[in-house]
Structures are given as C-alpha cells and as structure tokens.
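Dock chain to chain to rebuild the complex, using the hints, since each chain is given by itself in its own frame.
Residue numbers (the working numbering), protein chains in the order written: chain H, 1 to 259; chain C, 1 to 321.
Think of the hints as simulated: they come from the structure by calculation, not from any bench. Certain hints may be false.
As the list claims (entries may be wrong) - Straight-line Cα separation of at most 20 angstroms, PhoX-like style, residue types lysine-lysine; simulated pairs:
1) Lys24/H - Lys143/C
2) Lys218/C - Lys319/C
3) Lys259/C - Lys199/C
4) Lys282/C - Lys257/H
5) Lys27/H - Lys141/C
6) Lys257/H - Lys143/C
7) Lys218/C - Lys309/C
8) Lys227/C - Lys257/H
9) Lys257/H - Lys309/C
10) Lys289/C - Lys24/H
11) Lys230/C - Lys199/C
12) Lys259/C - Lys257/H
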Amino acid sequence: MHVVVCVKQIPDPAEPGSLDPSTKTLKRDQKLILDEADSYGVEMALQLVDTAGGGTVSLVSMAPNGETAGLRTALAMGAADAILVSDPVLQGTDALGTARVLAAAIGRSNPDLILTATESSDGYTGTVPMQVAELLGLPAVTFAKSVKVEGSSVSIQRQTEDGYDDVVCPLPAVVSVTAGVVEPRYPSFKGIMAAKSKPVEELKVADLGLAADQVGWAGGGQEIVEIAAAEARQAGRVVEDEGEAFGEIVAFLENLKII
Amino acid sequence: MALDKVWVFAEAAEGGVKTITLEMLAKAREIADTVECFFGGDGDDVAEVLGEHGATTVHATGDLEGALLGTPVAAAVAAAVQAGEGPDLIMLGTTYDGRDVAGRLSARLGVPVITNVVDVEVDGDDVVGVEPVFGGTTNVKTKFTGDGVKILLVRPKSFAAEGVGGSEADVEDLDVPDLGSTGGARIVSRHVEEATGPKLEEAEIVVSGGRGLGESDKYVMVEDLAKLLKAAPGASRAIVDAGWVPYSYQVGQTGKVVKPTVYIACGISGATQHMVGMKGSKFIIAINKDKEAPIFSIADLGIVGDVHKVMPKLIEAIKGR
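Next up, chain C with everything else stripped away, as it sits in the complex (with noise of 0.2 angstroms):
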C-alpha cells in the first residue's frame, strides 16, 4: 500500500533542477499515489523538468525578492499543512537550504524530521527511515509514531533519478505568509567560486588528500593528479578545518556524498566522518602509510606507503604515457 501524496523539495541549480530533487521524485513515485513539489520562487522555471520526473504539480512560492529562501518556504509549506493541504510525507535534500527548510518547518508544526535518510520504506500508513551510522557500517531503522506530517532529510544519491516522461508540472500558487521577525535575512549579493574541471559531486574520478599530505602546499599533488586523470579534487574534513581548502572540498558526512567509478585517497586514515560520504565509490584506491588505517578495509587496492613518495612517482607515471 502506498501513501496518498507526497511533496518533494525542488531545488533549482544553475540551469536547472538539482539532481537531488530527481533522485526524491524517483523515490516519490514508489511510494506514493500523488507526488508533487514546492519550490521557493517562480514555478514555470522548473515545471517542465519536475513533470517529466513525475511530479503533476509544482506549488510555487513566486519571487522571493531576495529572502534567504528556507524561512519563507517553511513557512508557506506550514500553512498549507494547517489549512489541510498538505501531504503526507514531506522529503528534502540535505543541501543547505534542504535543512534550513526542514529545521523551520519541524519546529512550526511541532513535528520531528528523521535525517541523514537513505532509503524509505513505507507499510501502509508507517514510513520508516534508513540511516547509516559509524560511518555506514550499521543501519538504524526509525518510524514516525506521531499523528502529524511526516518530514524527511534524504542524503544524495540515495536514489538513482530517472525521467518517466511526465507532461509539463502545473504551477499553483504557495502564498507565503507574513513572517514578523523571523523574516529577516536577505540576500545581497552572490558569488560564484571559479570551479577548474569536473563538479565534486559529479566526477567519475576524484581525488581526495588528508592529514596525511602532511602541509597545506602539499595539497598541490592532489590537484595534480586530479587534473592529470580529469578528476574533481576532495578534502577530508581534517585539512578543511585546518583550512587548507575550501568547506566545498569536503567529503563525508558534513560535506559531499561522491559516488565516483573511482576514488583514489591520499593519506587519508578513513575515519567514519569521511567513509560515510565516500564508500559508495564504485572503486577506492588508498594510499596511507599506516597499515591499521580503517581505509584499508575499504579499498580495492591498498598501498601502505608515505604519499611523499608514491604520489609523486605516480603523477610522473601518467604524465609520461
């Protein structure tokens, strides 16, 4: 038995909809009899998209005049579940505006969110999230028990998207109510960091280098070899914080979850932070120089070594063919 109506977040990216939103819709569609979207501005520019993957109709916030979209969105989608229009299970990504929305909206409706979701599973009226804990070495199974909507926060690539050849998405309005304080934050500006070569997340190669590298301008071996493969280069978490690169580099559990044909990481010891966002890798080559690492007991292919030495021998490799 599938559940009545689902709304999924719809997240629009530079010239379209976020791969994320599709993978949800995909998911949407098996388990429920109506799936439909809300998006935080002008409907018509992503209906198309959002129809083709199944979704019939996309409830739109309109120009949000440039609001800081998550508190707007929340709280239009709150009233349209107090006015009795809304479904029964609510999913987002978790994207930065993924969160805010599901955040906001838990507290006004006084509902909880089950996070970090990676497959939904759905006995009549019950909804059960899967969440991978210790960095995916163990599952938790949660079930919603309240009477209340139900919110979800899907990782990335949970779901594999897929176009069902869905007509054009109709657009309905989603008016969002006056917000007193909590209205506040606007947009002045955006900025856009020049990216060299493939996304993080869209990469079928990355290249990720940790603690391991020692010092910040050893950072340069891993773009190195990045580019030599046409990789998208990563981080773990430990020389983000120390700031050697970007929070944008970071994969894990706080950062990006890649799912490349391959990872190749680079004195990066596994911790369960950085495994969670990575293990999905259809091949991992590690190289770390100690041989306890947990990394190991991942990867395909394993060189217990000092990555001053392989790294740079191995760029000279593939420079020289």
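Same shape as in the complex, but just chain H (with noise of 0.2 angstroms):
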C-alpha cells in the first residue's frame, strides 16, 4: 500500500507570530517544524502501511527557503521518502494554491490514499484537504477520528457536531485527521540517522506542469486590505492563592447570581 500524507513545516507555535508588514503575511523566514498537527497523519500512515502488511509512505510538503527540518522529523518517524515544492514565486500562495500544488505532487504517483490534517496549526483555513481531493478527481472524507482500510475501500469514524458517523468510501481517497487519533510515536535515535540520508525531491513549481499565476499572489484572487489590532480585552484582578482564594471565585459567581 502506497499512502502519501501531506505536511507542513510551520513556525514554532510556542514563538510569538508575527506579520511581514511589507507582504501582509505570517512571517516564515525563521526554521520551521513540522507541524504537530501532521504527526497524526504521519503515524497514522506508517500503522496502516504496517497492517496491511507492507507498503510505504511518503510526504509531501510546500515550504519556503527549500526548508526540510520538519521533512526529516516525519522522516525520521519512519516515513520513506518526501516531495519538497520550494519556489520564491510561491510567496502569497493561498489555500487553493497550496491545494494546486500538493495535488500536482501527489499526481506524481498513485498512491492508494492521501492523508491531511484537518487543517495546518498557522494558517487553519481547513480547505485544503478538500481541494485536493477535488483537483485529484478524488472522493473524500474530513475530520476521521478513527481509520482502517478493508480491501479496496476505507472505513473511518468522521466527526460530528453531536458525535460520530460511520463512513465508507472507495480508495484511492483523501481523508483528514483529527489531532489525537493516534499516538505520534517520537523519532529514535536509529529513525533520526536514518532519516538525514532519505531522499527528499526538490521540485520547483514549473517541474509540477504549474502556470506562475495559478499560486503566489496572482494565483489568490484576494487582497489584504487592512492590518488593524482588535479591541482589546482588559485585565481585570489577579489574586494569589493563599489559601483562601477559591472565595474569590465564589464570591464573583454570587455577585452574578450564579450561585
């Protein structure tokens, strides 16, 4: 079995984010990680690929600066080999733009199944998945939570607003994890060796048969008008527990009659 999973290197969501104000967008330029939102799909492909007793998985990712810390992490996690779209034209790329290109990557092969996230920790437009499938030609199915191929189709657990429902669809196919699905295993030592010697193909978006005005800007068909800060919300009091705080806290919820 042959199953690509599609990730992202993003900015350290435990650094600051901050916005280029020359190009309007999420600053980039510093190292990215992979982010924690693809090590779900990442484990979930290397699992399934072990149950059905063989196969491989591989990435495919679109990062600036030809940036491939976040590669080798799911690499080293036991992934086979990765696609990298690294373009200076890719600069302003929106999520159908992003989904044009990983499509193009991913008609590379024909892999038996594409796994995602249900959307990237930076960006979180939630769209891509769904583009992909689309511009693949592809059935699809968002926000699994549980996943098992059984022969030539796949049967998953999709999230709902008041529980689950059972899903059944035909492979090839997109789906979409959710965060938790299954436990990322943490790279070892052996994984991270190996990985520094796994073939990572970098390709440049007219190698993908890509027009330069189907991405970047001109690719987008939106413009940022305005960079305003919010209203901001005031603090209010802050108590040290010593002991006798939880009063506080009660005396608050009697003052709105809650209690």
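If you want it as structure tokens, here you go:
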C-alpha cells in the first residue's frame, strides 16, 4: 500500500507569530518545524501500512527556502521519502494555490490513500484537504477520528457535532485526520540517523506543470487591505492564592447571581 | 450599496436549523437585496425557519441517500453558478460540512475562500472578510479581487440570529450532477454520543480544563464543578490531543467557539489557539499557577494558584451552599 501524507512545516507555535508588514503575510523566514497536527497523519499512515503488511509512506510538503527540518522529523518517524515544493513564486499562495501544488505533487505517483490534517496550526483555513481531493478527482472524508483500510475501501469514523458517523469510501481517497486520532511516535535515534539519508526531491512550480499565475499572489484572487489591532480585552483583578482564593471565585459567581 | 444576491449554506440540526445558519442569515439580510439558502436534503424540512429568518428561497438537493453531503452539495452549487444562476456571494459556516462544501466548491470553480471570517464589509461590489489572527489580537481584512463568485467561511457566533417574521421560503430543486469518481463517500450509520447537561456552544457557563490539570483523571474536577454550576465542560487543545477528553470538548480555533456569560479556565495557560475560541465570553475567570500565563491578560478574575488546591475547595464551598 502506498500512502502519501501532506505535511506542513510551520514556525514554532510556541513563539509569538507576526506579520511581515511589506507582504502582509505570516513571517515564515525563521526555522520551521513539523506541524504537530500533521504528526497524527504520519503516524496513522505508518500504522496503516504496517497493518496492510507492507508498503511505503511518502511525504509531500510546500515550504519557502528549501526548508526540510520538519520533513526530516516525519522521515525520522518512518516515512520513506518526500517531495518538497519550494519556489520564490509561491510567496503569497493561498489555500487553493497550495492545493494546486500539493495535488500536482501527489499526482506524480498513484497513491492508494492521501492523508492530511484537518487544518494547519498556523493558517487554519481547513479547506485544503477537500480542494486537493477535488483537483485530483477523488472522494474525500474529513475529520476522521478512526481509519481502517478494508480491501479497496476505507472505513472511517467521522467527527460530527453530536458524535460521529461511520463512513465508507472507495480508495483512492483523501482523508483528513483529527488531532489525537493516534499517538505519534517519537523518532528513535536510529530513525533520526536514517532520516538524514532518505530522499527528498525538491521541485519548482514549473516542474509540476503549473503556471506561475496559478499560485502566489496572482493565483489568489484576493488582497489583504488592512491589518489592525482588535479591540483589546482588559485584564481584571489577579489574586495570588494563599489558600483562600477560592472565596474570590465564590464571591464573583454570587455577585452574578449564578450561585 | 448592497449586493444583489447572497446564498447561505443551510444546515439542519436535530429538530431544526443550526444556529450558525440563522446567524449568517442575519448578516446576509444586511448586505444583500435578496437572501436565499441552499441545503443538502429535503427543503420542506427547513423552509419555514429559513423563511422566518429572511430567506425567500431554499435551493435543496433532496434526499442525498446517505452520501456525505459536502461533495454533492458543492457540485450542485457549482453547476448552478456555472449556469449563471448563482449569487454574488456564498456564505458557509465553519462547521464540518461547511468546510467540506467550501473547499470542493472553491476548487471546482477556481475561486478563493476567505476563511475564519467574523465580519463582512460590503462597499459596492467589493466584499471584505474580517479575520482575527494571533488569538484575536489582530484583525486582517481581505478583499476579493477576482471576477468569480465570492465564498466566505464564517465563524460561529459572529452575528446575532434574529427572526424577522418572513413567510415560508420557496423550495426549489438544486440538481446534483454526476459526481464521477469524487462521489464515493457514504454514511452507513450515525452515532450520537451521550451528552449530559447543556451543549458546549449554548451553555451559559463553561468550565474548561487544560494541561495544568496534570493528568487525565484530574479532569473529573472540571466535570464536578461544571455539574454544580449547570455548566458545560470544555477543554484546551492540549488535553484533547493527549486523549483525555473527546475532540467535541475542544474550545478554540480548531474546536468550538463559545460566548457564555461565565468562562472558567482551569489550568489553561491561554495559547492563542484557545483564546480565539473563548475571548468573547462575558466574564472570564482563570486559575493557573503561572502568573505570567497569557490567560490572565484577558481574565476578569485571575487566581494565581494550583488548580489541585483551589478547585477542590471551590467545589466544596459551592456544594456546601
């Protein structure tokens, strides 16, 4: 079985983000890491290939400056190889442009299954999985909290507002997995060493047969017109607990006539 | 000047129409001369409520026979748009199905989606979506520049739903074209998870727990306090990812948006991911042992202390009343 996992390399979410005033986009020129949201898809793919009794897990990523640090993390977990699309013309690419790039890269092989996160942790549009599926002409199931491959189809528990739906879908398909669906493994020392020599094929937009105006600002059909500080919420009273601070909460709730 | 026509994606909930749909209709009435809905299912089930909230027509696919609805609904709307029968603007809620429809539709029509929108500004034909970033501290305004139909994904609780006493919406057929290889996903069964107490999105009081609880069995303190206050229990992404509680408990950018009267954050530091989902609460109470935690910058009452000490006393005190 061949599974492709779309992974994003993002600025460390622990560091405060900022916008580049000239491009009005998120600053992504620092060291990037594997989006934690994608580690679930990588783990899921490794487990599915294992259960199937063999196969490969490949990665597809789009990142500025030929960044591979996040890809190496996923390779260290056990993925076999990766395609990285890195090209200055991708500056300003929106979700649909990203989907065009990912779909073209995925389309270079014929995977049985394509896994993604439900959304990235830095951009969180949440539209890319479906856009990729549509561009590849594939069915898709989003928000999977359990994935089982059964012959030529996949059985999924899909998250809903009130519980979940059991969904069956023929393969090949695009499936987005929720965080927490599996426990991502920590890369072993051996895995980290092996990852250094695993193949990462770096491609340009033109290599994918895409025109420059299908990506970047030109492909976006949108323009950021203003960035402004939102109305700030004021901090209230802060009390250090000396053993009796629970009383402050009781009084606060009493005052609101909640208790 | 207003837009000629807006379509709102209508979603059904148990026994009615989802609140997010009605919230979007309230905004749509403000910005467009004609407001209509589209719906994946039997339009007669929702026509009355949608009409009451100002929709004149509901374009409905009819029974989808178990198909996961994102793909057929998107294909049907795309066909209507390509036939010149579509609107200027399509609004969908940031829900599981809303995102599915928006993504498919965008790729099918080759037009962008502006996502996570909390407000919409219209000036002539220009449509601008307002999106909060960095935990809601900054607003980014994005304008559509292309010629095609404009698609917005709207966050829940961005607008106040309000009925206007309109008459039942006309139901019109929205034909689903042949889906070819894209249409294979089918729902074989549905499962409703037992939920006690009020729903997270609708609760007047929410008590949420985070990583500061230390271990999963301490979440019971959150549940106990929630029960005493008739509140809904919630969670930060950290403990959902850790598998302590289901995804449906998650409050934040990825999870649910809540705007209760009182939000009590227990052992939550206040990552931007979390704050964007709860900073609209009327009153925020936070308990956290790190006095530098960002949650204190938005809390009306902040207790710098150990949740394991403060919460048991708080629970006992409320029980004793």
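So, going through the hints one by one against the coordinates:
With a C-alpha separation of about 13 angstroms, the suggested pairing of Lys24/H with Lys143/C holds against the 20 angstroms cut-off. Between Lys218/C and Lys319/C the CA atoms are separated by roughly 18 angstroms; this keeps the pair inside 20 angstroms, and the hint holds. For the hint linking Lys259/C to Lys199/C, the alpha-carbon distance of about 12 angstroms falls within 20 angstroms, and the restraint holds. Restraint check for Lys282/C and Lys257/H: satisfied, since their Cα atoms lie roughly 14 angstroms apart, inside the 20 angstroms limit.
A hinted pair counts as satisfied when its Cα atoms are at most 20 angstroms apart, and Lys27/H with Lys141/C qualifies at roughly 17 angstroms. In summary, the hint linking Lys257/H to Lys143/C is not supported, as the alpha carbons are separated by about 44 angstroms, beyond the 20 angstroms threshold. For the hint linking Lys218/C to Lys309/C, the alpha-carbon distance of about 12 angstroms falls within 20 angstroms, and the restraint holds. Simply put, Lys227/C and Lys257/H have alpha-carbon atoms about 17 angstroms apart, close enough for the 20 angstroms limit, and the pair holds.
About 25 angstroms separates the Cα atoms of Lys257/H and Lys309/C, which puts this hinted pair outside 20 angstroms; it is violated. Note on Lys289/C and Lys24/H: the hinted pairing is violated, with a Cα-Cα distance of about 36 angstroms set against a maximum of 20 angstroms. Between Lys230/C and Lys199/C, the direct Cα distance comes to roughly 11 angstroms. Compliance with the 20 angstroms bound is thereby established for this hinted pair. In summary, the hint linking Lys259/C to Lys257/H is supported, as the alpha carbons are separated by about 18 angstroms, within the 20 angstroms threshold.
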